[in-house]
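**Q** Residues per chain are reported as follows:
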Amino acid sequence: DARVTQTPRHKVTEMGQEVTMRCQPILGHNTVFWYRQTMMQGLELLAYFRNRAPLDDSGMPKDRFSAEMPDATLATLKIQPSEPRDSAVYFCASGLVVGDTDRYEQFFGPGTRLTVL
Amino acid sequence: KQEVTQIPAALSVPEGENLVLNCSFTDSAIYNLQWFRQDPGKGLTSLLLIQSSQREQTSGRLNASLDKSSGRSTLYIAASQPGDSATYLCAGAGGGADGLTFGKGTHLIIQP
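Order-wise, the sequence lines are chains A and B. If you use this note's numbering, the first sequence corresponds to residues 2 to 118, in order. If you use this note's numbering, the second sequence corresponds to residues 721 to 832, in order.
Treat the hints loosely; a few may be bogus.
Coverage of chain A stretches by chain B, computed from C-beta distances (three or more under 8 Å per stretch; other residues unrestricted) [to be verified]:
1. 21–31
2. 72–86
Distance windows between CB atoms, simulated [unchecked claim]:
3. B:Ala-799 to A:Gln-81: 34 to 42 Å
4. B:Ser-779 to A:Asn-31: 33 to 41 Å
5. A:Glu-69 to B:Ser-773: 28 to 36 Å
6. A:Ala-54 to B:Pro-734: 46 to 54 Å
7. A:Leu-56 to B:Glu-737: 28 to 36 Å
8. A:Ser-88 to B:Asp-759: 14 to 22 Å
9. A:Pro-9 to B:Ser-789: 40 to 48 Å
10. B:Glu-737 to A:Asp-64: 45 to 53 Å
11. A:Leu-118 to B:Ser-790: 27 to 35 Å
12. B:Ser-732 to A:Arg-10: 40 to 48 Å
13. B:Tyr-796 to A:Arg-4: 23 to 31 Å
14. A:Thr-116 to B:Asp-759: 18 to 26 Å
No wet-lab data here; the hints were simulated from the structure. Since the structure is predicted, the reported quantities are computational estimates derived from the model, not experimental observations. Where a beta carbon is used, it is the ideal one built from N, C-alpha and C, also for glycine.
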């Protein structure tokens, strides 16, 4: 049963602490996305990778957020230092791009619910 | 910048009714439109993907259409069931970017 997995599922931390969220994309998928969902803003794209290379991180606050793909089976999103306004659900999604087509389906993980006190 | 709007924001109907959820987008250069379902406290489940060369997709009781010229997509749910109660999200990709732009969703309640 191929699915995107994310850890941890829940994280409560104090302001100023470092937070690391992890994602394992569906095996064989070459494009990985990070999204954030809040009540006020809904779902927003933070960053995404193709073949482990970052293509767009314009949605991410650069001073405190960083996203990496150490290998094809792991994507990480770090927040340092965390702030209460970072409280949200963070979703990872993956998809497979074949050839020149940009038309592909994205599959989402269960999310990491982050609370920063 | 792509903007996606979904109406209504909430909908409550009796079981068995057919219903339509609406989604509109501002950039006709959209090349993917995806409908998702989200249950409370859960992740997103992909329901249907419509590519720009397609006009509609069907899966079971669900049918989604895409009209790029008018900037609209609809999700039709036939013979609604209480288990269909969830938030339905519409999202589009386009303009040279792969990331999805989401609407705020329609919160659907099917009354038994």
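**Q** Check the structure against each numbered hint from earlier and tell me which ones fail, lowest number first.
**A** Of the numbered hints, 1, 2, 3, 4, 7, 11 and 12 do not hold.
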